[in-house]
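In the order they appear, the protein sequences are chains P and F.
Letter 9 of the first sequence, counting from 1, is numbered 9 in the working numbering, and no numbers are missing.
Letter 64 of the second sequence, counting from 1, is numbered 64 in the working numbering, and no numbers are missing.
These aren't lab readings, by the way, just hints derived from the structure by calculation.
Misleading hints may appear alongside valid ones.
Straight-line distance between alpha carbons at most 27 Å, and here's what the computed DSS-like set of lysine-lysine pairs gives [as the list claims (entries may be wrong)]: (1) P:3 with F:40; (2) P:102 with F:24; (3) P:13 with F:24; (4) F:71 with P:38; (5) F:162 with P:24; (6) F:102 with F:166; (7) F:3 with P:102; (8) F:56 with F:24; (9) F:71 with F:3; (10) F:164 with P:40; (11) F:38 with F:71; (12) F:162 with P:13; (13) F:56 with P:71; (14) P:40 with F:13; (15) F:130 with P:13; (16) P:13 with F:167; (17) P:3 with F:102; (18) P:24 with F:24; (19) F:3 with P:71; (20) F:56 with P:3; (21) F:13 with P:56; (22) F:3 with P:24; (23) F:24 with P:40; (24) P:56 with P:3; (25) P:24 with F:56; (26) F:24 with P:38; (27) F:102 with F:167; (28) P:24 with P:71; (29) F:40 with P:24; (30) F:38 with P:38; (31) F:24 with P:71; (32) F:102 with P:38; (33) F:134 with P:40.
Estimated spans, in silico, between C-beta atoms of each pair [to be verified]: (34) F:16 with P:79: 30 to 38 Å; (35) P:77 with F:24: 43 to 51 Å; (36) F:24 with P:136: 32 to 40 Å; (37) F:20 with P:198: 42 to 50 Å; (38) F:135 with P:19: 44 to 52 Å; (39) F:129 with P:32: 27 to 35 Å; (40) P:177 with F:20: 28 to 36 Å.
Glycine included, every Cβ here is placed at the ideal spot set by N, Cα and C.
Number of protein chains: 2
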Amino acid sequence: MYKFSESLSELQKQLQLLPSIGEKSAQRLAYFLINQPKDKVLALAESIVTAINNCKPCSQCFLLSDTDPCKICTDPDRNEETLCVVESTRDIILIESTNEFKGRYFVLGNLLSPVSGIGPHQIRIPELEKYLQKNHITEVILAISPSTEGETTIHFIAEFLKEKDKKITRLSTGIPYGSDMEYTGAATLMNALRRRYPV
Amino acid sequence: MYKFSESLSELQKQLQLLPSIGEKSAQRLAYFLINQPKDKVLALAESIVTAINNCKPCSQCFLLSDTDPCKICTDPDRNEETLCVVESTRDIILIESTNEFKGRYFVLGNLLSPVSGIGPHQIRIPELEKYLQKNHITEVILAISPSTEGETTIHFIAEFLKEKDKKITRLSTGIPYGSDMEYTGAATLMNALRRRYPV
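One chain only, chain P, in its complex shape (with noise of 0.2 Å):
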């Protein structure tokens, strides 16, 4: 803490508050601002004021959107009967910068996780069902990773959604396109041969 200021005291104390900021960075941190033309930190003051006003999720997909609904969701060229299941609007972008997919998405905000005591009502499975019976959605892909979590949402939304005749499919797992197998763990190595297919 710096005894001289106290705006600068305060302002290293909030800085603390992100994520792998510690005391001695925050400092850095702070005098990095405070040195920095007065404009320039004015705006990015600025953006975070506005971002955490506007930028809010999508009623509908809950995707975060200055708009609601959101631009995916009113778009009239996607298509409305592919769904995407993915775990954030992170995620989103990653999808959205292949331009593989024209479909509507919807955002589960975290995965199951039975172990840190998320639940289905922790991760809007109720709000999916909704959605579900809202819209005309015959696929739904599980665009969600293969990971502890992951596989478990998964499969916990695939049998939710079972009885509700609805093409489901996930993402491809395997070796990752263009790496060598070299460096491929033994799970990923034992996956993939297990999905083989023909050439």
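Assemble chain F onto chain P, guided by the hints.
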């Protein structure tokens, strides 16, 4: 860039101005902020605005401070005849944390670096001269790092103060106190041998 929320996209762009924050880190940080409680995020933004508005260099010693003159320049309990010359406000925090020095400070703002074009006028040498004219200083401690730029600065200031009839000192150099000699570099060891002192 995030095309579904202009405010999030702008926040990400602004966060990239921070040191060692690239595009990916800025995205992570933006999502982190947007998912925090609103009052916490607004408090952070406010602390940035308050600091950049209130925290300014003291007009006497150039310490970053909310008051002018700063609390050190106006502290009657501090020795007025010993001046500690440092590179930055952060060095003052370090020195203050030792509780070893009870005099006044002067912040140069930078170190001489002919390679980067930083000359005496970029590092408050004229301001230091004015300070010494106004105040009765008997000892000037050059508390500056023994780096290339630091050594250049130390020798420049020592030369410039030569005829002013003041005691000029610098911080001791040698093997870091409490460390293992085995891990000391050759330059440090050579310096320590030359500066050996009676036990």
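Evaluated hints:
The hinted pair formed by residue 3 of chain P and residue 40 of chain F meets the criterion: a straight-line CA distance of about 23 Å does not exceed 27 Å. With a C-alpha separation of about 24 Å, the suggested pairing of residue 102 of chain P with residue 24 of chain F holds against the 27 Å cut-off. Restraint check for residue 13 of chain P and residue 24 of chain F: satisfied, since their Cα atoms lie roughly 24 Å apart, inside the 27 Å limit. Taking the CA atoms of residue 71 of chain F and residue 38 of chain P, the gap is about 24 Å. The hint holds against a cut of 27 Å.
In summary, the hint linking residue 162 of chain F to residue 24 of chain P is not supported, as the alpha carbons are separated by about 37 Å, beyond the 27 Å threshold. A threshold of 27 Å between alpha carbons decides the hint, and for residue 102 of chain F with residue 166 of chain F the separation of about 18 Å falls inside it, so the pair holds. The suggested pairing of residue 3 of chain F with residue 102 of chain P holds, with an alpha-carbon distance near 15 Å, which does not exceed 27 Å. For the proposed pair residue 56 of chain F and residue 24 of chain F, the alpha carbon gap of about 32 Å is over 27 Å, so the pair is violated.
Pair hint residue 71 of chain F plus residue 3 of chain F does not hold up; C-alpha atoms about 48 Å apart against a cutoff of 27 Å. Among the hinted pairs, residue 164 of chain F with residue 40 of chain P is inconsistent with the structure: their alpha-carbon atoms are about 42 Å apart, more than 27 Å. Simply put, residue 38 of chain F and residue 71 of chain F have alpha-carbon atoms about 34 Å apart, too far for the 27 Å limit, and the pair is violated. Taking the CA atoms of residue 162 of chain F and residue 13 of chain P, the gap is about 43 Å. The hint is violated against a cut of 27 Å.
The hinted pair formed by residue 56 of chain F and residue 71 of chain P fails the criterion: a straight-line CA distance of about 44 Å is larger than 27 Å. At roughly 12 Å between alpha-carbon atoms, residue 40 of chain P and residue 13 of chain F fall within 27 Å of each other, so this suggested pair holds. Pair hint residue 130 of chain F plus residue 13 of chain P does not hold up; C-alpha atoms about 36 Å apart against a cutoff of 27 Å. Distance hint between residue 13 of chain P and residue 167 of chain F is unfulfilled; the C-alpha atoms sit about 39 Å from each other, more than 27 Å.
Note on residue 3 of chain P and residue 102 of chain F: the hinted pairing holds, with a Cα-Cα distance of about 15 Å set against a maximum of 27 Å. Between residue 24 of chain P and residue 24 of chain F the CA atoms are separated by roughly 22 Å; this keeps the pair inside 27 Å, and the hint holds. Annotation: proposed proximity of residue 3 of chain F to residue 71 of chain P holds, straight-line Cα distance about 9 Å (limit 27 Å). Note on residue 56 of chain F and residue 3 of chain P: the hinted pairing holds, with a Cα-Cα distance of about 14 Å set against a maximum of 27 Å.
For the given pair, residue 13 of chain F sits about 19 Å from residue 56 of chain P by alpha-carbon distance, which is consistent with the 27 Å threshold. Proposed proximity of residue 3 of chain F and residue 24 of chain P is contradicted: the alpha carbons are some 35 Å apart, above 27 Å. Restraint check for residue 24 of chain F and residue 40 of chain P: the C-alpha separation of about 21 Å stays at or below 27 Å, so the hint holds. Distance restraint check for residue 56 of chain P and residue 3 of chain P: the Cα-Cα separation of roughly 38 Å exceeds the 27 Å cut-off, and the hinted pair is therefore not satisfied.
This hinted pair checks out: residue 24 of chain P and residue 56 of chain F have alpha carbons roughly 21 Å apart, not beyond 27 Å. Pair hint residue 24 of chain F plus residue 38 of chain P holds up; C-alpha atoms about 25 Å apart against a cutoff of 27 Å. For a cut-off of 27 Å, the pair hint linking residue 102 of chain F to residue 167 of chain F stands: about 17 Å separates their Cα positions. Simply put, residue 24 of chain P and residue 71 of chain P have alpha-carbon atoms about 41 Å apart, too far for the 27 Å limit, and the pair is violated.
At most 27 Å may separate the alpha-carbon atoms for a hinted pair to count; residue 40 of chain F and residue 24 of chain P meet this at roughly 21 Å. Among the hinted pairs, residue 38 of chain F with residue 38 of chain P is consistent with the structure: their alpha-carbon atoms are about 24 Å apart, no more than 27 Å. Only pairs whose Cα atoms come within 27 Å are accepted, and residue 24 of chain F paired with residue 71 of chain P is accepted, the gap being roughly 23 Å. Only pairs whose Cα atoms come within 27 Å are accepted, and residue 102 of chain F paired with residue 38 of chain P is rejected, the gap being roughly 33 Å.
For the proposed pair residue 134 of chain F and residue 40 of chain P, the alpha carbon gap of about 36 Å is over 27 Å, so the pair is violated. For residue 16 of chain F and residue 79 of chain P, the Cβ-Cβ distance of about 34 Å falls inside the hinted range of 30 to 38 Å, so the restraint holds. Checking the proposed 43 to 51 Å range against residue 77 of chain P and residue 24 of chain F shows it is violated: the Cβ atoms sit about 29 Å from each other. As the Cβ distance of residue 24 of chain F to residue 136 of chain P is approximately 37 Å, the hint placing it in 32 to 40 Å holds.
A hinted range of 42 to 50 Å holds for the C-beta pair residue 20 of chain F and residue 198 of chain P, which are about 48 Å apart. The hint said 44 to 52 Å for the Cβ distance between residue 135 of chain F and residue 19 of chain P, and at roughly 45 Å that hint holds. Between residue 129 of chain F and residue 32 of chain P the beta carbon distance is about 29 Å. The supplied range of 27 to 35 Å therefore holds. One distance hint, 28 to 36 Å for the beta-carbon pair residue 177 of chain P and residue 20 of chain F, holds here, with the actual separation near 30 Å.
Of the numbered hints given earlier, the model fails hints 5, 8, 9, 10, 11, 12, 13, 15, 16, 22, 24, 28, 32, 33, 35; all others are met.
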